Amino acid sequence: MPSVMGLFQSADTAAAAADRLQASGFGPADYEVLTGAPYPEGAFGEDSGDHRLFIFPLGGAMIGFAVGLMVTAGTQLSYPLVTAGKPILGIPPMFIIMYEGTMLGALIFTIMGVIFESRLPNLTNDLYDARITEGYVGLVVRCEDDAQAETAQTTLTEAGAEEVKRQEKS
Amino acid sequence: MLFLGGVAGFAIRLGAGLEDRGPWGYYAAVFGFLFTVGQAAPMVSFVPRLARARWHGPLTRASQVVAVAGLLNVLLFIPLLWLVPSSAVRTTVWFDWPWGAPHFYDTIFVLMLVVNGFAFLWVQAIPDLAALRVQSGGTHRLARLLSGSFIGTPKQWKVQRIGLAVLGGCYVMNFIFVQSLISLDYVMTLVPGWKSSMFPAFYSINGLLAATAMTIVVMAVIRRFYGLQRYITVDQFWNVAKIMLALNLAWAYHWWADFLTTWYGRVPRETVVIIGTRSFGENVWLFVAAFFCCFVLPLLILMWNPWRKSVAGPTVVAVLSLIGIFIQRIIDYVPAYLNTQDPLDHELHEAIAIPWPGLPDVLIIVGGIAGAVFLVTWAVKALGPLSNWEMQEGVILRRNEKFLNAEVPYVIKPQ
Amino acid sequence: MHERPRLTPIQINRDLLRSCLETPLVFYVLLLLLMGLVGLGVVAATLLVTYGLGVTGLNHPVFWGFFIINFVFWVGISHAGTMISAILRLSAAEWRRPVVRAAEVMTVFSLMTAALFVVLHTGRPWRTLYWAFPYDFVRGIWPDVRSPLVWDPSAIFTYLTGSILFVYAALIPDLALARDKTTGWRRLVYGVLCLGWRGNARQWKLLNATGLLLSALILPVFVSVHSIVSWDFGMSLVPGWHVHIFAPYFVVGAVLSGVAAVIALMAVMRSLFRLHDYIRPEHFDMIGRLLIVVALAWAYFYFIDVIFALLSKEEAEYEVMKLRLSPPYLYLFLLMIVCNVFLPVPIWMFRRFRRNIGIMVWTAIVVNIGMWLERFLIIIPTLQRRHPDAFAWGDYSASLVEISLVIFSFANVGLLLLLFSKVFPVIPIWEEKEGHIWKREFRIGKLRLPAIVRE
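Chains as they are written, first to last, in the numbering used here: chain B, 1 to 170; chain F, 1 to 415; chain R, 1 to 455.
The hints are simulated quantities; they were obtained by calculation from the structure and are not laboratory data.
Please read all numbers here as calculations on a predicted model, not as lab measurements.
Some hints here could point you the wrong way.
[To be verified] Derived DSSO-like pairs (lysine-lysine); straight-line CA-CA distance at most 27 Å:
#1 B:Lys165 to R:Lys181
#2 R:Lys181 to F:Lys158
#3 F:Lys402 to R:Lys181
#4 F:Lys309 to R:Lys422
#5 R:Lys446 to F:Lys413
#6 F:Lys413 to F:Lys309
#7 R:Lys422 to R:Lys181
[Said to hold, decoys possible] Okay, the calculated bits of chain B under chain F, using three or more residues with CB under 8 Å as the criterion:
#8 15 to 27
#9 41 to 48
Think of the CB as a built atom: it goes at the ideal place given N, C-alpha and C, for glycine as much as any other residue.
Construct the entire structure; sequences and hints are all you get.
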């Protein structure tokens, strides 16, 4: 499946080009917008898909809580030594460690979540251009076949792309 | 009507005499609750104004109008003055100043706060009152009286803006101070051996939580009653809900810090008050109810953005929080007033159980709350449910604009 | 954002990557200076490890001295990062942009330095692991979770991990940028670190969501860390330490010192890397406003602390507070109050002073002197009067080793920050660009007012 990238100098022309792409039969999920900084969602009419990022911290929190419980209760039960007249399984101090465990789990899983949901690490050699970090906007269109790639190429060129690249990939 | 019932209850209590402090506990709790709720709400309008967030337009009136209940608070406060023994027979914050402490000073500070609240409300409402004056052709006497010669010159706007900032800032500081003072003077020093420096801070946190909760409730009622769905939007509820959630967490945090220090220290003197009386022991169910209403349920509900970003979610949580704070006030005041030991004693010997309220207490509770609601309703009617000029300012400073293919909200930030 | 000049992405790239790509002479001078001071600390630490705690001024009954004061101080400084980046991110404050990364990185490095001091304080650093981490399965003896000294490492570990992840997540797009702007082995390193970031809409959306999520998650940790540090004191029955208010009071104090430290850091960055277009007087202005609130809150808590000690009419408590409030500690006490509230708050009240960077830096330094003294006053006088019997009272004076290690701590954080700035951009470049993209000017009457997209 070939893919085509158009590089635009300004966001305005890129947005107009995205409109043209949609007019010539591409769906909002068929093209990828590459920018050097975040734009408000939907600025290019793109569809960036749903994500389940919020599930991750919950899962992490549960795991962290369980580990916290194991560390606190398990270690104390395996060597029960009363200190300072406190019960072996005193809830308040155990709670503190469990709390930290919960938060640690949630934090780590959030990062894992964002990396997973952003499809990173990205080892493919997809179309990219270093100028994107200089304010250019890249529109990468994933095409079904060569004919579509041709359409995409002409559409992007007509829309005022500075440069259009094409990559053939299986 | 209910308010009259409350007056009757008050009369019965008065008939029983002021000598015995115990039965007045519930009365004091009502005062504590109303004082917290009534005086705290105006702050909600101040904080977002400080952050220049521009979503607070529709809620300022809702929050500030609650300050009118302060009038009732002053009335309620008078009998309490007689009830509390002078500093001669107990520890006090007044360093044994002889002249009128605590009665005289507390009265001054309470009055100061109430006046400050009224002033805040008034300055905020001047432009609207002026509009009312003009609209009514000068026949509206109250508006004419209160709006003076405000016609909206740039200078007047500037003065009004500075006035709001100064009054708001003063109000927040005043509030924390008075709440801490009242909590110390009227609750803590009545219980022997109760020494928790967390208490004034916890009391004030309750106040801040009450403020946001009350604002949400008033907003929801106004929205429903006046059909203002187009003006008071989910946006306001969503934003205040975030603050409320933070305060729910802060509530739990302050309680936890207090509890943990006591639990870990195992000093009998502290344990009997903070764990025995206030958290577990005799009054465990009251505490559990407060804990669930102020922390557990709010956290479980507001954690989810779809619920946070609705009208019903924050309103439910607000009502829950208010109930929780009321219970917390009962826990604060009633045992303190029931204490029969000498407050100068080194420690409390037995935890104090909270009895069920008697008929007069119920009457007082219902009457007091009804009285406050009545005052607030009246004020809403007099001043209008929304702050007109801030709504218009909001229309100017917050707008939806096109950004490429998306439509996004812009917030304009003047210097 | 009122004074933000219009800059193109190319200019932003060039200005903000400069610290990584160019090395001015000042850098070497600073590097040498800081390395010298760190070397001094290494010598002191070697002495300490070789000869034991005898080289310090610690003695009965004052066993917590400069090390622990410094520990609390640096944990306090570490609270700036989260305060600035998490709270300001959640409240969508526009002025956070140039400050967040430096503050977060300072969090990481000061937390590391703080942890180092606890380890040094034990005198036999290699044994600390036993009581902090449950790892020695052979002995079957575990750390005592009932001890606050075990809560501490768990909290600090969580906070440190969270902060590093926080910094890293926000660093990914800038690493991708650095990858595009460098060649050779550097390109490879940046390329690996940025995980092949492309900057598509989905990635940006997730990055923003993560920023908010991490902020919300790290805030409770942030509160817990300094609370737990305070409970190292509060859980004991030592008069003057067994104070219920300690947790929130320590947190507020930490925020005060940390945010003040951010001011100094910003000023240094601004002049060192010539970031005048990015770190502007308005940022100092906003931080000044924030600090007024924090300083007043600190004063409130401190007032409660003092008044309760005086009110309680308990001899032990009273004695400790009396010592704190009588010479020579009285002078330190007064200096602390002046440094933390009476001097800076009136200065911050005035817009003109808030926008004067020199004055702001001085207030920042003054506040941090005050906060260091505050920890000193909590720890030292209390321990001197720890025991009820007068014959068990004692004195404390810090030795040269302790003083050099305190100096070392400052140099260490400075050195780490300097090295960080050599490798990574100190201002989040993508956030700066975002600020440019998301802003627009509106005309109202004759005024042109800036506006920002708010999601």
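Evaluated hints:
1. B:Lys165 to R:Lys181: Roughly 21 Å between the alpha carbons, so the hint for B:Lys165 and R:Lys181 holds.
2. R:Lys181 to F:Lys158: Roughly 50 Å between the alpha carbons, so the hint for R:Lys181 and F:Lys158 is violated.
3. F:Lys402 to R:Lys181: 33 Å, violated
4. F:Lys309 to R:Lys422: Violated: F:Lys309 and R:Lys422 sit about 43 Å apart, past 27 Å.
5. R:Lys446 to F:Lys413: Holds. R:Lys446 to F:Lys413 sits at ~15 Å (cutoff 27 Å).
6. F:Lys413 to F:Lys309: Holds. F:Lys413 to F:Lys309 sits at ~24 Å (cutoff 27 Å).
7. R:Lys422 to R:Lys181: Roughly 15 Å between the alpha carbons, so the hint for R:Lys422 and R:Lys181 holds.
8. 15 to 27: As far as the segment 15 to 27 of chain B goes, the hint holds, because 3 residues have Cβ atoms under 8 Å from chain F.
9. 41 to 48: Since 5 is at least three, the answer is holds.
Checked against the numbered hints above, the structure breaks hints 2, 3, 4 and satisfies the rest.
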